[in-house]
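> What follows is each chain in one-letter form.
Number of protein chains: 2
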Amino acid sequence: MNNIALWERYKKYLCECPSIGMTLDISRMNFADDYLVRMEPGTQKAYQAMDALESGAIANPDENRMVGHYWLRSPGLAPSAAIRQEIEDTLRAIKDFTFSVHAGKIFPRKRARFTHLLSIGIGGSALGPQFISDALGTSADKMKLHFIDNTDPDGINRVLTEIGGDLVDTLTLVISKSGGTIETRNGMLEVAAAYRKLKLSFERHAVAVTGVGSKLDEIAKKDCWLAKFPMWDWIGGRTSVLSAVGLLPAALQGIHIESLLKGAALCDALTRSKNTLTNPAALLALSWHHATEGKGKKDMVILPYKDRLMLFPRYLQQLIMESLGKEKDLNNAVVNQGISVYGNKGATDQHAYVQQLRDGVNNFFATFVEVRKDGEGVSLAVDPGVTSGDYLNAYLQGTRNALTENGRQSLAISIEKLDAPSIGALIALYERAVGFYAMLVNVNAYHQPGVEAGKKMAGAVIKLQGEVLAFLRGNSDNYFTAEEIALAIKSEESPESVFKILEHASVNPDHKIKKSPGNRIVDSKYAATESS
Amino acid sequence: MNNIALWERYKKYLCECPSIGMTLDISRMNFADDYLVRMEPGTQKAYQAMDALESGAIANPDENRMVGHYWLRSPGLAPSAAIRQEIEDTLRAIKDFTFSVHAGKIFPRKRARFTHLLSIGIGGSALGPQFISDALGTSADKMKLHFIDNTDPDGINRVLTEIGGDLVDTLTLVISKSGGTIETRNGMLEVAAAYRKLKLSFERHAVAVTGVGSKLDEIAKKDCWLAKFPMWDWIGGRTSVLSAVGLLPAALQGIHIESLLKGAALCDALTRSKNTLTNPAALLALSWHHATEGKGKKDMVILPYKDRLMLFPRYLQQLIMESLGKEKDLNNAVVNQGISVYGNKGATDQHAYVQQLRDGVNNFFATFVEVRKDGEGVSLAVDPGVTSGDYLNAYLQGTRNALTENGRQSLAISIEKLDAPSIGALIALYERAVGFYAMLVNVNAYHQPGVEAGKKMAGAVIKLQGEVLAFLRGNSDNYFTAEEIALAIKSEESPESVFKILEHASVNPDHKIKKSPGNRIVDSKYAATESS
Chain A
8 MNNIALWERY KKYLCECPSI GMTLDISRMN FADDYLVRME PGTQKAYQAM
58 DALESGAIAN PDENRMVGHY WLRSPGLAPS AAIRQEIEDT LRAIKDFTFS
108 VHAGKIFPRK RARFTHLLSI GIGGSALGPQ FISDALGTSA DKMKLHFIDN
158 TDPDGINRVL TEIGGDLVDT LTLVISKSGG TIETRNGMLE VAAAYRKLKL
208 SFERHAVAVT GVGSKLDEIA KKDCWLAKFP MWDWIGGRTS VLSAVGLLPA
258 ALQGIHIESL LKGAALCDAL TRSKNTLTNP AALLALSWHH ATEGKGKKDM
308 VILPYKDRLM LFPRYLQQLI MESLGKEKDL NNAVVNQGIS VYGNKGATDQ
358 HAYVQQLRDG VNNFFATFVE VRKDGEGVSL AVDPGVTSGD YLNAYLQGTR
408 NALTENGRQS LAISIEKLDA PSIGALIALY ERAVGFYAML VNVNAYHQPG
458 VEAGKKMAGA VIKLQGEVLA FLRGNSDNYF TAEEIALAIK SEESPESVFK
508 ILEHASVNPD HKIKKSPGNR IVDSKYAATE SS
Chain B
8 MNNIALWERY KKYLCECPSI GMTLDISRMN FADDYLVRME PGTQKAYQAM
58 DALESGAIAN PDENRMVGHY WLRSPGLAPS AAIRQEIEDT LRAIKDFTFS
108 VHAGKIFPRK RARFTHLLSI GIGGSALGPQ FISDALGTSA DKMKLHFIDN
158 TDPDGINRVL TEIGGDLVDT LTLVISKSGG TIETRNGMLE VAAAYRKLKL
208 SFERHAVAVT GVGSKLDEIA KKDCWLAKFP MWDWIGGRTS VLSAVGLLPA
258 ALQGIHIESL LKGAALCDAL TRSKNTLTNP AALLALSWHH ATEGKGKKDM
308 VILPYKDRLM LFPRYLQQLI MESLGKEKDL NNAVVNQGIS VYGNKGATDQ
358 HAYVQQLRDG VNNFFATFVE VRKDGEGVSL AVDPGVTSGD YLNAYLQGTR
408 NALTENGRQS LAISIEKLDA PSIGALIALY ERAVGFYAML VNVNAYHQPG
458 VEAGKKMAGA VIKLQGEVLA FLRGNSDNYF TAEEIALAIK SEESPESVFK
508 ILEHASVNPD HKIKKSPGNR IVDSKYAATE SS
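If you read the sequences in order, they're chains A and B. In terms of my numbering, the first sequence is residues 8 to 539. In terms of my numbering, the second sequence is residues 8 to 539.
Hints in this document: simulated from the structure, not taken from any laboratory. The reader is advised that the hints may include incorrect statements.
Each pair may be met inside one copy or between any two copies, as identical chains are not told apart.
Derived DSS-like pairs: lysine-lysine, alpha-carbon spacing no greater than 27 Å straight-line [what the hints assert, rightly or not]:
#1 K522 / K424
#2 K117 / K235
#3 K522 / K302
#4 K497 / K19
#5 K204 / K228
#6 K532 / K18
#7 K462 / K18
#8 K335 / K304
#9 K305 / K335
#10 K204 / K380
#11 K304 / K463
#12 K18 / K519
#13 K222 / K497
#14 K522 / K222
Please model the complete structure; the sequences and the hints are all you need to start from.
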């Protein structure tokens, strides 16, 4: 297709969304002109299903739950007055709490004001807040944010070292929907110990965001934490960024959360359209379906040309892969669905993997994200009459053209400027696109059964570790191989796990395990230096 | 395969590398027992080719260049005394310069010591340094590092705001092998302007790392920068991390660069082995080849269970995709090669896309990276007798088991501890694995022709912008559509590019372009508010 034909196709398919300052360009996906028409029956079914979801249907049947993230920004649409009330009350509570913290009415024991915010959470309770914080943070932020999002003791220690003595005026959020996420619990315990080390009460610096009645909720209540904010079973972790999970840290940072919600609500209004050509979420989902043949046959590469959007691809990686990556469809047929997502930012990635995108295996489609406004004020001319931002824009166009030239498909989203409304809109756009896509391929986008399997197997390893250590302590100073121990503790079927537990334990001082190296590492012997 | 069979296979294939504290486990890739034997002729050819490469053959024929990154850590192997001398002299110069900076003998104009380091570079001149800095940084670092790795004016401004008044004692490195990378040049110009704004001489705070005789080299010489360090045409950007590109910032940060080099040299020694079962780089390459059928048919997911290794997947994404993602093989046949790479870190990613890995489309193989030592000292018990690090280890094993159970293949690298030697070894391991793989599939791993296409097309957009703006200024206050302008400047074939230039220019104040919105956005009209 030559440039003129491309331009005609561009004009034909350009989806203009002035209310959110956005355009979506699907013209460089190589669908035939009858594609959207052919898909229309399925698309209309998806609209109906989305209507039902928004009206409070059990859209997550496995977990027998409603799916309500759209109500968060339009509480009037909630299916009951009680839910509407909960949303509105929580938003008010977030704003009141934030006001009190900023005004120094809620304050740390030994300082006038909280100036640092440490957020402990993982997955849906981390990526959304991290993305928003990075996208919208400025030097005028009211609080400095830190995140602990793993159970890596060294990583936790590093964040605590970075905060250092400022822990005195650090407010800590513990975010866990279920209230039982082990990584988050571990982070909380390590952080609580750090407060104690400075002779500070963790409880007087702590806030919980969690489901009512959860383990974490009980702890926060019993120990009189500064505050707690609810999560609801009709909000999934990966779509929780516009609930207290994301709004509370954003508000505390100084981001205008009403604008985030407004942008999302405006995008929702647009993407409820049943006129496919004017519905950017439907067009995204249909473009994905075309590229991947509805079977994940191509990867989705996300290329935002803006440093502040660096975490957007990772946020989408979670949203899309965890929602769509399913073994079974809603009829219980094995389908092994999903779309793989990756990317960082342009122009930077051009000097990394874009070489492969242009020349290598054609196993992807790209999504370019353009932000037209470069920044505040007038820019430096790096060449006569050319700014750094002009170059950024030219690199986006140039790279996209180079991909088109070689038959690589791409989408492009343009937003006028990067601010709270446009971030809210981007979030809402992809939430709904994922919802539509899931309906097109008939999977439940709102559960995550596969995550449980790994957790369960990890629990088995922890249990096995207890047995291995107990055995060694019961036979202290006697050396055994992994195989011998596995046999002795009646875990003959798990010698590899036993071996790995021993290798880990013998390198760290915590369990006082010593190792006598074997000829091959797998023949090494291990002993406890202390009896139990 | 049951656990006992898996354990037998584990023992059979485990590649032990005690000299670098590493093991590689390929047992959970589903190759048949005769696979390595069948591949052995090709593998032996790859060993030969690698020998030739290390001896100074023109291993990058397109650019008529030798490929010498292995000499950086074993200068005695360089093919000429002159090259050996250059490597050794540069290493000495890096150490001398670093000593002088740390000792305050080289100092900023208005302070006693440089305490901040701002590194400007992109792609190979950024990712390696960023990875090492993040992996090995501690609170005892001698200098605080900042990176500018894009031509995003807002992103640049953000880094400069973060540095703020500390620019006074900030040493700025400008890293560009070719000395002509536009993004880096733009970053340099913006940073130089920031120094001037504080009435500081940029030149007295600047250091260059670049090819001798390059544009940047000339500027650094002419303007008497504090120092400059050479790059050579026999080092590619993505394998430059153990040249001055990576060693200089690492040394200035306070990282023991001799240990980095030592770890890499030890790994090189191991991976020169022609006994495939004991050569971890060959086993990696062969495992990739098996999983992807030598055609990029599966993605490589990298899952390091360590916060400090968070940038490792992104570093590998560049190294692997830019090296392997090629249109043509060495015989000029069109092959569209490559392997897509993505990942962040475990356990965190378990709460994101691991759902899809376990249950969804089976289009990947995973590489788990375990670090056995959790950190310094004794850890907190988060459960009786269980540490956060035990959980991290259990999550790795549990998730890997959950993938195995569902027929998803994986590799596992275990390193004893994360330190400079092990980071050097990891870098060297993957550099050689990529080299081997390229030889197995017969592509040139050391050029990047596809990157040029995008650059060229971006240059065309910049040129077109100049013409568009000149036309509007020549007709100031008259409004035109994109199509009209394209026609007028004889770029009828590029209305889409003209339109995008106008949309960008009209949102930013730099070029003084105003917009009169059309019925549809593509019909908008634009005018210059000033004549030229």
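> Does each hint hold? Answer for all of them.
Status of the hints after comparison with the structure:
Within a single copy, K522 and K424 get their C-alpha atoms only as close as 59 Å, which misses the 27 Å cut-off; across copies the closest is 16 Å, which meets it. Proximity of K117 to K235 under the C-alpha cut-off of 27 Å is restricted to the intra-copy arrangement: shortest distance 22 Å within a copy versus 49 Å between copies. Proximity of K522 and K302 under a CA criterion of 27 Å is satisfied in neither setting, with 49 Å inside one chain copy and 43 Å between copies. In this homomeric assembly, K497 and K19 come within 27 Å of each other (Cα to Cα) only across copies, at 23 Å, whereas the closest approach inside a single copy is 69 Å.
Taking the shortest Cα distances, K204 and K228 sit within 27 Å of each other inside one copy (23 Å), while across copies they are farther apart (53 Å). For the identical chains of this complex, K532 and K18 are inter-copy neighbours only, at 15 Å across copies versus 71 Å inside a copy, given an alpha-carbon limit of 27 Å. When the C-alpha separation of K462 and K18 is checked against a cutoff of 27 Å, the pair qualifies only between copies, where the shortest distance is 26 Å, while the shortest distance within a copy is 49 Å. When the C-alpha separation of K335 and K304 is checked against a cutoff of 27 Å, the pair qualifies both within a copy, at 17 Å, and between copies, at 23 Å.
Taking the shortest Cα distances, K305 and K335 sit within 27 Å of each other both inside one copy (19 Å) and across copies (21 Å). Taking the shortest Cα distances, K204 and K380 sit within 27 Å of each other only across copies (24 Å), while inside one copy they are farther apart (47 Å). Taking the closest pair of Cα atoms, K304 and K463 never come within 27 Å of each other, the shortest separation being 30 Å inside a single copy and 31 Å across copies. For the homomeric pair K18 and K519, the shortest alpha-carbon distance between copies (26 Å) is at most 27 Å, but the shortest distance inside one copy (70 Å) is not.
Proximity of K222 and K497 under a CA criterion of 27 Å is satisfied in neither setting, with 33 Å inside one chain copy and 69 Å between copies. Taking the closest pair of Cα atoms, K522 and K222 never come within 27 Å of each other, the shortest separation being 39 Å inside a single copy and 57 Å across copies.
Consistency with the previously given hints fails for numbers 3, 11, 13, 14, ordered from lowest to highest.
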